[in-house]
Amino acid sequence: MHRDSSHARRGLRLFFAIGLTINIMLGGVGELQSQGELTRSAIALAEAGKLEDAEYKLAAAMAGPEAEDAMTWYVHAFVLKERYIAEGRPPDENLRSRSLASVEKCMQRDPQGELSRWTLPLLEFLAESHVGDVKAAISAIRPDDPPTALDHFAAYSDVQSLLDPDWDEDAEWVLVHQQIGERAIQEATRLEKKGAGPWFAMGVHHYSLASQRAHDQPRSLFNLAVHTYNQGVREFRYAEDDLDAIDGALRQAASHWQNASDLLDTTIEKDPENTKAYEALAIVSTALLNQERIDWCKEHIQELRGGE
Amino acid sequence: MIMAIGLWPCKALPHCTRDFPAQTQGWVVADPEIDKSPVWALIYGRYLYLLGCEMFWPNIDRLDRFRIAVVNWPDLAEDLGDRLDGRSIAGLPVDIIPFDAPGFGSEKGDFTMVFVGGSLDPKGEKPLAEGLSRWMKKSARTALVITDGAALAGHDLAFKRMKDGTGLSLCLQPDDLSLSAKTLELPPHFLQKLCP
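The listed protein sequences derive, respectively, from chains D and H. The letter at position 128 of the first sequence is residue 127 when you use numbering that gives the first Met the number 0, and the numbering goes up by one with no holes. The letter at position 100 of the second sequence is residue 99 when you use numbering that gives the first Met the number 0, and the numbering goes up by one with no holes.
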């Protein structure tokens, strides 16, 4: 059994015991922390590893008065999570999204957060499972496939919002787009001569999205500029040995280099002390025959290095 | 990584803080490095290679080797060396020989092509002109002498960098008298690239 699963089972047992104690203390009245018959039965089935039977029992519980019990929804969320593990962590969202929906219902019925000791770790687990899926989806990403990494991130974001209503997704959203951009550009670089175009376009798209948000903006802009410049160099380097092809490649490279120059200007605007951006702009300006800009970059680099 | 976190309760209830970048630290790709290749050496290298192929193909039987002198532009010599390593121009073995300006002035041999770089640099123009002049005085030279822009005495062709808006190109400015004295003709493709 997985470590997280055994922890969860231990948690469930503890939860059951505490719930039962409270139930006894409250004289069996259907209070928040008590369990109904069907829920108790579902817990026993889950403990015995009969997860589908437990789920069936919980469906009956949720169709009746036990639906008002936060614990019933927690147990349902837990059972679905256990099924997700037992089924080998399938990347589709079905079990986890249903589990999340049940946690939400549990939390709605538990405004004081008395069950948070159990619900929060479950949410943590769900969030982490999506991080793994984001990573796997980025590794497998292709320009012609729908961006499943973003679907997993959206699911992750939903969980995080439950964990912390004030959570701001910006930083992680930017990171995911930067990651997709990097992955796509790596592939464009690897392919060099053939088929790099769609990968490069994909990389630019995701880096552009990342650069539109304030978080880590200079880095997104700088990385996009560098990749854009490098793509121009690569396209020129690998143009066919034919005068028209080379002329065309030089025109296209110049267009990439101009874009890179504009991006570096913006990077410097956002982060005027970024020495690497001035160094890169000097290289790009050399390609673009912009001597004035080269001199300007050199002055700033010298200033930033303390006039060495 | 995920397994390690498992279902441990968060310590900071009710808000559970996490550090996503830390979770993904292993798969954050390092910031990219800009390609520091001497890009104009690369550009000149490609055009020179094509010019060499097209221009000398008709008279190939008169040559036994294709010798290119690259004066005052080591990056270009290196780029051509890499490009032509193990290859040939029009079926002939190729030698790429780099020189500085004084070294070229002392060279006795002739070449198929001579390329003179840095000719537009006001500081470099004089030594280059002197080196070229000294080399030419040693014997009748048949090499096609190309500069990267300046009309140095003894040159046959200038290959100029052009910037038009955001577009970049190279154009040719031939010295027709000098070319015809060597019975050299620019290939038709390249005649379409004369400077305005």
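It cannot be assumed that every hint is accurate.
[As the list claims (entries may be wrong)] Below, in silico cross-link-like pairs of lysine-lysine (BS3-like), each with a Cα-Cα straight-line distance of 25 Å or less:
#1 H/K125 to H/K159
#2 D/K104 to D/K49
#3 H/K136 to H/K107
#4 H/K181 to D/K297
#5 H/K181 to H/K159
#6 H/K162 to H/K122
#7 H/K137 to H/K125
#8 H/K192 to D/K269
#9 H/K35 to H/K162
#10 H/K107 to H/K181
#11 H/K125 to H/K136
#12 D/K192 to H/K35
#13 H/K162 to H/K192
#14 D/K297 to H/K35
#15 H/K162 to D/K297
#16 D/K275 to H/K35
#17 H/K137 to H/K107
#18 H/K192 to H/K159
#19 H/K159 to H/K122
#20 D/K193 to H/K35
#21 D/K297 to D/K269
Rather than coming from a laboratory, the hints here were simulated on the basis of the structure.
Hints versus structure:
no.: 1; hint: H/K125 to H/K159; result: holds, 19 Å
no.: 2; hint: D/K104 to D/K49; result: holds, 23 Å
no.: 3; hint: H/K136 to H/K107; result: holds, 10 Å
no.: 4; hint: H/K181 to D/K297; result: violated, 44 Å
no.: 5; hint: H/K181 to H/K159; result: holds, 22 Å
no.: 6; hint: H/K162 to H/K122; result: holds, 23 Å
no.: 7; hint: H/K137 to H/K125; result: holds, 19 Å
no.: 8; hint: H/K192 to D/K269; result: violated, 41 Å
no.: 9; hint: H/K35 to H/K162; result: holds, 21 Å
no.: 10; hint: H/K107 to H/K181; result: holds, 19 Å
no.: 11; hint: H/K125 to H/K136; result: holds, 17 Å
no.: 12; hint: D/K192 to H/K35; result: holds, 20 Å
no.: 13; hint: H/K162 to H/K192; result: holds, 14 Å
no.: 14; hint: D/K297 to H/K35; result: holds, 16 Å
no.: 15; hint: H/K162 to D/K297; result: holds, 22 Å
no.: 16; hint: D/K275 to H/K35; result: holds, 13 Å
no.: 17; hint: H/K137 to H/K107; result: holds, 7 Å
no.: 18; hint: H/K192 to H/K159; result: holds, 10 Å
no.: 19; hint: H/K159 to H/K122; result: holds, 18 Å
no.: 20; hint: D/K193 to H/K35; result: holds, 23 Å
no.: 21; hint: D/K297 to D/K269; result: holds, 19 Å
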